[in-house]
Amino acid sequence: MSRAPQPPATAKAEPIVFVVDDDPSVREALGSLFRSVGLQVELFGSAAEFLQRKRPDGASCLVLDIRLPGVSGLDFQGQLVKANIRTPIIFMTGHGDIPMSVRAMKAGAVDFLAKPFRDQDMLDAVAAAIQRDQQAREAEHAAAVLRTAYESLTAREREVMALVTSGLMNKQAAGQLGLSEITVKIHRGQAMRKMKAKSLADLVRMAESLGLHQPKEHAS
Amino acid sequence: MTTSSPAWRPQSPAILAYAVAILSVMTALAAALLLDSFLHTMPYVSLFLCSIMFAAWFGGLGPSLLATVLAILLFTYFFVDSDSFGIAPNDIPRVVLFGMTALFVVSLSAAQRRSEQSLRHARDQLQGALQEQARLNEALRAENAERRRVQAYLDEAQRLSRTGTFSWKVATGDVFWSTEGGRIMELGSTVEPPIDVFLQRVHKDDLALVQGELERVRRGEPEYDYEFRWLTPAGSTRHLHVRAHRVRSESGDDEIVGALMDVSETREAQEALNAAQTALTHAARVATLGEMSASIAHEVNQPLAGIVTNGEAALRWLDRSEPELGEVRSAIERMVRDGKRASQVVERLRALVRKAPAQILPLELNEVIAEGAALVRREIHNHRATLQLDLARDLPPVVADRVELQQVVINLMVNGVQAMEPVTDRPRRLVVRSFAQADEVVVSVGDSGVGIDPANMSRLFNAFFTTKADGMGMGLSICRSIIESHGGRIWASNNTGPGMTFQFALPLRAEDAS
Numbered sequence: 000m001s002r003a004p005q006p007p008a009t010a011k012a013e014p015i016v017f018v019v020d021d022d023p024s025v026r027e028a029l030g031s032l033f034r035s036v037g038l039q040v041e042l043f044g045s046a047a048e049f050l051q052r053k054r055p056d057g058a059s060c061l062v063l064d065i066r067l068p069g070v071s072g073l074d075f076q077g078q079l080v081k082a083n084i085r086t087p088i089i090f091m092t093g094h095g096d097i098p099m100s101v102r103a104m105k106a107g108a109v110d111f112l113a114k115p116f117r118d119q120d121m122l123d124a125v126a127a128a129i130q131r132d133q134q135a136r137e138a139e140h141a142a143a144v145l146r147t148a149y150e151s152l153t154a155r156e157r158e159v160m161a162l163v164t165s166g167l168m169n170k171q172a173a174g175q176l177g178l179s180e181i182t183v184k185i186h187r188g189q190a191m192r193k194m195k196a197k198s199l200a201d202l203v204r205m206a207e208s209l210g211l212h213q214p215k216e217h218a219s
Numbered sequence: 000m001t002t003s004s005p006a007w008r009p010q011s012p013a014i015l016a017y018a019v020a021i022l023s024v025m026t027a028l029a030a031a032l033l034l035d036s037f038l039h040t041m042p043y044v045s046l047f048l049c050s051i052m053f054a055a056w057f058g059g060l061g062p063s064l065l066a067t068v069l070a071i072l073l074f075t076y077f078f079v080d081s082d083s084f085g086i087a088p089n090d091i092p093r094v095v096l097f098g099m100t101a102l103f104v105v106s107l108s109a110a111q112r113r114s115e116q117s118l119r120h121a122r123d124q125l126q127g128a129l130q131e132q133a134r135l136n137e138a139l140r141a142e143n144a145e146r147r148r149v150q151a152y153l154d155e156a157q158r159l160s161r162t163g164t165f166s167w168k169v170a171t172g173d174v175f176w177s178t179e180g181g182r183i184m185e186l187g188s189t190v191e192p193p194i195d196v197f198l199q200r201v202h203k204d205d206l207a208l209v210q211g212e213l214e215r216v217r218r219g220e221p222e223y224d225y226e227f228r229w230l231t232p233a234g235s236t237r238h239l240h241v242r243a244h245r246v247r248s249e250s251g252d253d254e255i256v257g258a259l260m261d262v263s264e265t266r267e268a269q270e271a272l273n274a275a276q277t278a279l280t281h282a283a284r285v286a287t288l289g290e291m292s293a294s295i296a297h298e299v300n301q302p303l304a305g306i307v308t309n310g311e312a313a314l315r316w317l318d319r320s321e322p323e324l325g326e327v328r329s330a331i332e333r334m335v336r337d338g339k340r341a342s343q344v345v346e347r348l349r350a351l352v353r354k355a356p357a358q359i360l361p362l363e364l365n366e367v368i369a370e371g372a373a374l375v376r377r378e379i380h381n382h383r384a385t386l387q388l389d390l391a392r393d394l395p396p397v398v399a400d401r402v403e404l405q406q407v408v409i410n411l412m413v414n415g416v417q418a419m420e421p422v423t424d425r426p427r428r429l430v431v432r433s434f435a436q437a438d439e440v441v442v443s444v445g446d447s448g449v450g451i452d453p454a455n456m457s458r459l460f461n462a463f464f465t466t467k468a469d470g471m472g473m474g475l476s477i478c479r480s481i482i483e484s485h486g487g488r489i490w491a492s493n494n495t496g497p498g499m500t501f502q503f504a505l506p507l508r509a510e511d512a513s
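Protein sequences, first through last, are from chains A and B. Residue 150 in numbering that gives the first Met the number 0 sits at position 151 of the first sequence, and the numbers go up by one each step. Residue 338 in numbering that gives the first Met the number 0 sits at position 339 of the second sequence, and the numbers go up by one each step.
The shape of chain B in the complex, shown without the other chains:
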């Protein structure tokens, strides 16, 4: 029975309460008259008090006072001085006593009723509070479940994306790692490594970088974005990418909050791609040299033939009855010159054939062109073509890999020579130019060959596109990837006259500009 208002005691309107009060007094009077006439007892006082108590209990203070007044009047009329409202002096004490008793009963009843009411009120309040509490609890439970679900999603998302989160209170050094963060570093989520233990696991080549970033934290920089290699306890290397920012607080107790991404797979794929690219570039280079092998052999053979013949001539000059030492000297001088020349050719070849990672250094583009031309010269002669070098003086240096650029130059020149193969009605001329414009250096290789169908122009640099019967279609595609990896661009256009021109542009000292 927790209902707030008991059904057995109606919250009656006041008129009903007063009616009940009158009725209860009348009932008590009737009972008293009946008891007086049949049993000759006179229980007026107790019956009237009962009726007042009932009225008080049912109706409260107002109706009980009405019942009291009514009972006193009736008591005086019927039982103190029969059939009259006048009171004999000796009866006054009885009437007063009755009245006082009645009032006492009324006040007791009213007090009891009031306390009961306040009790009921308090109980109702308590009940309401309890219900509110239950409702809050329910909401909290639901919220908790949602939070756990979100956390689970977050953990799963972190696991799938190999992204951990961390926060680091700079002042205290307290570090929090998300589960995935701990898993990535293979430290366990509960372990908070001190900074020196952390640094021990950083790849030694990246240590300076990481320490630099920590220094930035100390300086109070707002943003962090860097990559480093991490050695797991199991001994493997991971590539980690950190992005974090500083959450400032009024108290100066800044916190670094960020994400830690395991980008090993991306990096490894990138490295594998780079290695494959390097291998392909190298293979193409070797293939190009292979195509020119006869010319290159000639290039080495020529000075060797010179050396041998000079040596033999020198011996013959010495063997004469009067040795001609002047002739011997000049023969030996030519041998020295030719020996140097042969070794230069071999050196250039070795550089081109060597399988080495790219070395990005400032270099003179004109030198690269001249060296490439030296290797291709014979090939050009063999194709009855002429080479014209039109190189701008005082060309600013570019930052690039010498061997790869030479590969591009050689490739474009050999291409041009081959494009002129079918030409019989005009001079076969290959013109190589270099010049600077705006913030780049441009090299152009023009031929007087057969040109290309404009419809194929857009596919010219695509892999496996070739117009040659025995071509692989890799040369120009590799040229493009080399030039683009240097931040440059390469393009081709048909000449207004016969033939076409390939050009590439390299940015001037890109690292200075950035």
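Only chain A is shown next, with the shape it has when bound in the complex:
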């Protein structure tokens, strides 16, 4: 196990809300609001400042003014996607920015709030965004754990796992691999233990999320 690559740390860190707005009035007010409900907040006056910050370990979300000096909120959203930073974004807009709102939502924004907004709407949006990030992170974590476990299998174990999870009987798999049925059973048991699968059905689900079965194999 010690030689296996470390999976990402579990999402135990406190969630953080990042606020990017060039206007101090809104920025500081949001900071106070989020802190009042016990959220961690970091405030930034520009997109560039935000980009300089190290990515957080825990769940986070970004509250972003759609009109920023220099680079617009939408462009910034695009930059983050390109940089594979998938922090959920809540946009704040001024009056009459409907076309921009539509573009932002299409580009994957979580929510869209017109200034001045209700505090509860903002807090709900932030909670939803953090939850979404949390889930994404957990899914990512689970996948990483799975991938680590899978990587710990021997080549033979992987072969056996692929065949038995594709629906073949032990005997059929043994036939295909040119092994005895007993040997296949041992490899299967070993793989299930390493993968922490409680049942064959569990192992099948893991194989699917690992993408072991290509469509053509199903077709055969």
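Please keep in mind that the hints were generated in silico from the structure rather than gathered at the bench. Take the hints with a grain of salt, since some may be wrong.
Computed far set for chain B versus chain A, every beta-carbon distance over 12 Å [what the hints assert, rightly or not]:
#: 1; residue: Val174
#: 2; residue: Asp195
#: 3; residue: His281
#: 4; residue: Leu303
#: 5; residue: Thr308
#: 6; residue: Asp337
#: 7; residue: His380
Which residues of chain A face chain B? A partial, calculated answer using Cβ under 7 Å [said to hold, decoys possible]:
#: 8; residue: Asp22
#: 9; residue: Ser24
#: 10; residue: Val25
#: 11; residue: Glu27
#: 12; residue: Ala28
#: 13; residue: Ser31
#: 14; residue: Leu32
#: 15; residue: Gly93
#: 16; residue: Lys114
#: 17; residue: Pro115
#: 18; residue: Asp118
#: 19; residue: Gln189
Glycine is no exception: its CB is placed at the ideal position from the N, C-alpha and C atoms.
Guided by the hints, dock chain B onto chain A, whose structure is given.
Below, chain B alone, put in the same frame as chain A:
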């Protein structure tokens, strides 16, 4: 018969007069000899006297004396002592008597002739004088007619030009108004209002000015040139322009002579023009703000959003099981700050939108620029441009209307931002500078936009000239009229690099210099 020399009595040469004298004596002698031989009467004396009288009447003193001598000789020869010139002693008295009578006749005739001549002379003189008089009369009549014609022209010219004339004897207070002068003041040309009645009709706002001018008259100033408003008895207001000068006299009896022009129409047209200009300027201002409405709404919305969120945050801090009063306090402090900020924005907007006559006051140009920049800031951000303010410190104040100058600054900045819209390959930079030079303060607004075709440079400030698809072409034209109405100038030039720079210069405290 007014001829000076009667034709029936020729002004004969002397030789003719003497000949006539001899002839008349000879005729008398012949008549006497004929009468003596046929009728045996002897009328020598009377016939000779007749001939002498004729000679005297015809020829005057000389010929009559010749006739007298001749008659005495002939009388002596023929009738006193026949055929001899010797005189018998008893005949001497007759000859002497005859001679004396003859001389008497001669002297009478000569006297009569002299008086007649002097009479004729006097008559001729009188006649000449009469003719001269008639000629003078004729000339006078012609001159009078000309004078009346000129007066009529003058009256007509005064009526057409709405210019009256007046004269005012300062010492006596006698005032003369021309017909048009009376008509302009609607007083009637014969009425000479006393000075206090006159002052009652002066518009109360101009009373001090008119009294000042009257004071100048009392001080003896030589020239007068001023305008005031006059209330006619009918209740309307007229704008009158007075130009007058003092005609000095040796006796100290000075007279003020001048013209009074009714410039109401000019003034009213001017006022209408000013009002239209103000309305247009205001409309352009509102239009500019309209173009930036989204940015300006943001400018107000931002602090409002801050206030609302701070308020809500403060409530949440209070609602905690252990209220965080420090957080509540700082949230409320931010609310106060943001509230002030929002009201400042609204105040600036109100000032720009307000339709008020220009207020010319000393002001800090840098403040005007900063306030304008505050309103345009968001618009600049929205266009992905940056604003650099490069303002000289200790700029002397200029005398101007704050709102109008701000309009110019905003207009130039918005123009610059719009000119940079197509620019994608270089930073969009707007640089606003202020500095003092010589006796003026200059503000420049430079952009890094597309610049302008030099061929269009001269038309840049013309009304309706625009390079924008949706532009009206009024902005820069209004900027120019605003700057020029402040006694300044505005110009533009392409940068050596990309973009162009607009500049305006305002004179420093123009009213101090004048």
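A quick look at each hint next to the structure:
1. Every CB of chain A lies more than 12 Å from the CB of Val174 of chain B, the least distance being 70 Å, so the non-interface label holds.
2. A cut-off of 12 Å between C-beta atoms confirms that Asp195 of chain B is not in contact with chain A; the least separation is 65 Å.
3. Against chain A, the non-interface label of His281 of chain B holds: every CB pair exceeds 12 Å, the least being about 25 Å.
4. For Leu303 of chain B, the requirement that its beta carbon stay farther than 12 Å from each beta carbon of chain A is not met, with the minimum near 5 Å.
5. Once the 12 Å rule is applied to beta carbons, Thr308 of chain B is inconsistent with being away from chain A; the minimum gap is 4 Å.
6. The claim that Asp337 of chain B lies off the interface is violated: its Cβ sits roughly 5 Å from the closest Cβ of chain A, which falls inside the 12 Å cut-off.
7. Not every beta carbon of chain A lies more than 12 Å from that of His380 of chain B, the smallest distance being close to 4 Å; the non-interface claim is violated.
8. Using the Cβ-Cβ criterion of 7 Å, the hint placing Asp22 of chain A at the interface with chain B is satisfied: the shortest such distance is roughly 5 Å.
9. Taking 7 Å as the C-beta cut-off, the interface hint given for Ser24 of chain A holds, the closest approach to chain B being about 3 Å.
10. The interface hint given for Val25 of chain A holds, since its Cβ lies 5 Å from the closest Cβ of chain B, which is under the 7 Å cut-off.
11. Here the hint on Glu27 of chain A is kept, as its CB sits about 6 Å from the closest CB of chain B, short of 7 Å.
12. With a least beta-carbon distance of about 4 Å to chain B, the hint placing Ala28 of chain A at the interface is held under the 7 Å criterion.
13. Checking Ser31 of chain A against chain B by beta carbon gives a least distance of about 4 Å; that is within 7 Å, so the hint holds.
14. Given hint, Leu32 of chain A at the interface with chain B, holds; its Cβ is 4 Å from that chain's nearest Cβ, closer than 7 Å.
15. A cut of 7 Å between beta carbons decides the hint on Gly93 of chain A: the least distance to chain B is about 4 Å, and the hint holds.
16. For the restraint placing Lys114 of chain A at the interface with chain B, the shortest Cβ-Cβ distance is roughly 4 Å, inside the 7 Å limit, so the hint holds.
17. The interface hint given for Pro115 of chain A is met, as the beta carbon of that residue sits about 4 Å from the closest beta carbon of chain B, less than 7 Å.
18. Interface hint at Asp118 of chain A: satisfied, since its Cβ lies 4 Å from the closest Cβ of chain B, which is below the 7 Å cut-off.
19. Below 7 Å, beta-carbon pairs count as interface contacts, and Gln189 of chain A has none with chain B, the closest being about 55 Å; its hint is therefore violated.
Checked against the numbered hints above, the structure violates hints 4, 5, 6, 7 and 19; every other hint is satisfied.
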